[in-house]
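*Asks:* Sequence:
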Amino acid sequence: MASHPYRLLLIEDNLFDADLFRRAMQNYEPAISITHLHSYHAAYTHLSSLSPVAPGYDAIILDLHLRDGDGLDLLSHIRACNLPVAVIILTGGGGDQVVISALKAGADDYVIKRDDYLDRIGPIIDQACRRFHSQQDRRNQLITVSYIEIDTIDSDKTIRFLQRTAPHIHCIPIRGGLKFLRLLDRRQSIGDVIVIDCDKPRLAMLDLVKELIQFRRLTQPIVVMAQLSNEEFPLQALRLGVSDYIIKHESFLSQVPIALENAYYRAQLHQQHDQLRLQAQALNNAANAIVITNRDGIIEWVNPAFTTLTGYTAAEAIGQSTRILRSGKHDQTFYAALWSHILGGQPWRGRLINRRKDGSLFHEEMTITPFTDETGAINRFIAIKQDITEQVAREQRRTILANIGMAIRPAQSWAELTPILLEQVQEVFQASSVALLRTDNARFLVDCTRGWLEVLSHQPEILAVLSETPIGTGWVHVTALQHIHDHTVIGISLNTANRQVGVLLLARATPLSEAEHELLNDIAELAANALHRTDLFEQLRTANAELRAAYDATIEGWSRALDLRDRETEGHSRRVTELTVQIAARMGFRDEELVHIRRGALLHDIGKMGIPDAILLKAGPLNDEEWAIMRTHPTLAVELLRPIEFLAPALDIPWCHHEKWDGTGYPRGLRGEEIPLAARIFAVVDVYDALTSDRPYRAAWSRERALAYIREQAGRHFDPHVVAIFEQVIAEMESNAIME
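Residue numbers for the sequence shown, in this note's numbering: 17 to 756.
For the record, the hints were derived by calculation from the structure and aren't laboratory data.
Some hints here could point you the wrong way.
[To be verified] Okay, the calculated beta carbon distance ranges per label pair: (1) D374 - L556: 38 to 44 Å; (2) T558 - D538: 17 to 23 Å; (3) D374 - N537: 23 to 29 Å; (4) F662 - A480: 46 to 52 Å.
[To be verified] Using 25 Å as the maximum straight-line C-alpha spacing, the simulated DSS-like pairs for lysine-lysine come out as follows: (5) K120 - K173; (6) K624 - K676; (7) K195 - K216; (8) K226 - K195; (9) K173 - K195.
Glycine is no exception: its CB is placed at the ideal position from the N, C-alpha and C atoms.
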């Protein structure tokens, strides 16, 4: 059935045939409109009256054999009038030559009156009309023609005819073949179609054709024109590869636009065919798998890469649903969202896990693009699949190593690190048991275990066998353990800094894959470096502790030296240091801060090393000048200790322990909280110890009297808050002494 009811003009002088035609067409499309003219002259007159803009017909059905005229003349007249209608010729005889002549004169199709022609004529007319109107639409596209004239007498007439009847064909006249070749040499534009018009029988035309096609390899189609008496030359040109030829008979002009359009569009179709062939070759040779399905997901085409990826041949896949690839790793919600997206006309891109024909799983990244028909409805999907199994494995491997590294990073010793490491390894490999053995003088010692490999701790004979097993770089099957639980036991050496620090054992019911072996190697390297790091940290911590002990011993030695120099204060430094540290801890100082407070308390009078013995050991009272020198000892302490970097945090007490809360102290006259808290604490303890100790010039005060003095000086000499804490500590010390 026709796509719409056409309006037809039938030119047929046989009334019986005309009636049969009418019946056949109304049977094909009941709403079709047919106007019948039964003679040449009536048809010629009617055609002359039609407008090229709106002729009133979609197609003309023309019988070539009319009693009062030649149907080919009517065809030429139709094309000369530039009527935009399809022309289908009817012929009962005359042979192929008649049909060819009609087609070259501008007919769109033909029907030979054989027994079944009425059954075929409806679809033929329908297709001819579609084809003609499609060509009419294309006429909006400009076609540029290089018109080469060789000894012509009517080329101007031909060009003017084209300008009048086919304004979309633009001709560029070129006088002679040599001029055209010079244009080619200068790489100037030569248009879409080449016409060679040669009236006289000259070899120049054939030489030019041969030059253009065989040597210049011109891609534009070539149409040759010759006089009626020179048919042999166009035929030879046709054998050389021209697209078409035109013989200048009486009505040849009407053939020219049709021949040029056909040559142009055939070239376009040829280029499109080549492009499609190239695209098909590219699709077939693409490294990525490509699948084309219908709207329902039924596979219509696959390329060879699809077979490589999935194992399904084209014959096995075509006609099947894409569900054959589903792995069961995605739920229905996933597929529902995917289909909703692409049925909405949007491309989808994502990752999924699919299953090969052999049952193995693979990861792929897929892009699905919807395709629509001329009405805009989705009728196809094209999916491009890229195998990313190895990429995903690498990503998972990096993630696993990063997670293990993050888990073990805070560990600072073997004891902290190994349980975390074994937990991670057991989870990653789904192992039934894991163990870490430490290397000690070519022997293996059990460091940590998870699962049944704990038996190693109670079976030294197996450890002895393992010690003799050559577990160097890489991994080995530990057959000495395999019989216990009938599991595969893998041993991998932990090597760092050109030595073996241990062995990691892993037991599992199934063997490890190649990828898992690679992952285990990476984990072993990571673990070995971490264990080596903890060893270094332990060594550094031990060295620091030893160095700190040496520092503290030196400081205590300086403190004793000061006490020995000033016999009046023997034992003073030790006592005030212990009490100061105790009060500082009560007031919230951290352990690392207490270390510096202790050092500062021990060295509180280190500045007196610079005070002359005559002043420091003087039996009587000091005069003003001597007091001025004595009061420089906090400043001397700073000058002495500041160059020692590790003692810099301990300077607060040696420098500020003679400052007073009311600002009357020395050496800088600091007031209130300007005085470092450690120095404020020490000031209270220092005065209390001095008051409660015997001196040559006075006896020791009682604790009650000393505490009363301390309370009295709160807010003047001492920080009131420190005094309150001090009293609490002293009270607790007395209570503990009574209980002891």
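*Asks:* Please name the hints from earlier in the document that this structure breaks, with their numbers sorted from lowest to highest.
*Replies:* Of the numbered hints, 1 and 2 do not hold.
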